[in-house]
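There are 2 protein chains.
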Amino acid sequence: MVEISDPGDPRLADYRDLRDVELRKSLEAEHGLFLAEGEKVVRRSVEAGYAPRSFLMAPRWLDGLGDLLATTDAPCYVLSEALIEQVTGFHVHRGALASLHRRPLASVEEVLAGARSVLVLEDLVDHTNVGAIFRSGAALGFDAVLLAPRCADPLYRRSIKVGMGAVFTTPWTRLPDWYDALPDLARRGFTTVALTLSADSVPIEEAVDGVDRLALVLGSEGHGLSSRWEASSERRAIIPMRAGIDSLNVAAATAVACYVATRR
Amino acid sequence: MVEISDPGDPRLADYRDLRDVELRKSLEAEHGLFLAEGEKVVRRSVEAGYAPRSFLMAPRWLDGLGDLLATTDAPCYVLSEALIEQVTGFHVHRGALASLHRRPLASVEEVLAGARSVLVLEDLVDHTNVGAIFRSGAALGFDAVLLAPRCADPLYRRSIKVGMGAVFTTPWTRLPDWYDALPDLARRGFTTVALTLSADSVPIEEAVDGVDRLALVLGSEGHGLSSRWEASSERRAIIPMRAGIDSLNVAAATAVACYVATRR
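So the sequence lines, in the order shown, correspond to chains A and B. Counting in the numbering used here, the first sequence runs from 842 upward without gaps. Counting in the numbering used here, the second sequence runs from 842 upward without gaps.
Any given hint could turn out to be false.
For identical chains, the list gives no copy identity; a pair is met inside one copy or between any two copies.
As the list claims (entries may be wrong) - Straight-line Cα separation of at most 20 Å, SDA-like style, residue types lysine to any residue; simulated pairs:
no., residue 1, residue 2
1, Lys881, Glu1062
2, Lys881, Leu1016
3, Lys1002, Glu951
4, Lys1002, Phe931
Source of the hints: derived by calculation from the structure; they are not laboratory data.
Bound-form chain A, shown alone:
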């Protein structure tokens, strides 16, 4: 427990300018760290076995996390909420943060071992959507998540928070290869079903009917799936919608698709 009263203290470097997405991306990559925010998510990160580098807390959050802090040698920096706001650049509503070490990415083999239903995310750029999809996938019976090389980071603070820590308990990794990712999944015994508005798309219930190992493929918020992934998936599916409505949000569509797929 280390009380700090100088917001410029170099020990707080992991926690600076949390709203500056570009700065955070390079800082977190260079140091191999990620941040967990909020009592519940901080707890889940440590309980999932991620090694903490340090904690940053306002005094009133110490009690709730006392048992967790007792399990680790990592320093806990204690600052007033006003100082936390100076360091991080915003008001941390649930004034508990942790900086944790990232782990080496798992191999695709490891992530797929034993999985029957996996989500495959192409170039989703919005951390909120990535987090929401991890959460829905975990709740609705999906076993693993694969990310295309340009998909947003699921260990980014915002992804973790929206996902309520589902990224800690769901096996996931990056796909090393974008171009052949879906044929590769097919070779591994997965039926690839892409959620996309194409001419031969069928309702999702029909697309997953009778499928054993399922890879549900999702494209970016704006442009949808790449033509390569659309063409190289074995089946294309839609969520049936009311006439005249253009689309569902990708996180909402994923929740519906996961619900339907889990009942196949």
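On the provided structure of chain A, position chain B as indicated by the hints.
This is chain B only, laid out in the frame that chain A set:
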């Protein structure tokens, strides 16, 4: 078309400090206005019949909305993107804004006329969730939305944006009375089904089975439904989830429930 180069120009009063939620709430209430953001949403607001007070645009958005601007006498203030940021307090990615007149709220009778499936939101406080729920409801076959007195404003800029303007085309209103809202819906011939984790909750498919006029009732993000609404709804339902997972995000749960309910 009015070019403005002074960010302090009083004609820009409708567009000030868009990130200051409390200030915006009182300003919008006092003046009976709301803001639409982004080319698509601005277009939908006017096409839905809301009367514009004014528009605020960066020069490059004029072309895309030229046809719409030609239909109205409301002034269009043209500012550089840097000046727009000074006025609004943030970088407007899609540099088109409109300020529009609110309309008197419809009566509950009007909103329910002809509706077979309605969403009833209790105290959702997050504008993003309210917007996402309007969008999913519209896409997945719901006809109307009723809001408890303390539910967040669906005409708040963020709600409209996330909902992609679904609030303009979906009949909605405020419930005048919180306490008897659900018994009142039952008297009007709706079966009230609350999405809530209670001891007698049944899977959503079972809860909506055979229901003709359906009122799907949703509680707040944090605390869920009030005990009054939980007890005064006729049926209680859950989205079946994997063991050990506590909950879905309310917007994801709503999307699943709407999908299932529309297939009843």
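Checklist entry - Which of the numbered hints above does this structure break? => result Failing hints, ascending: 2 and 3.
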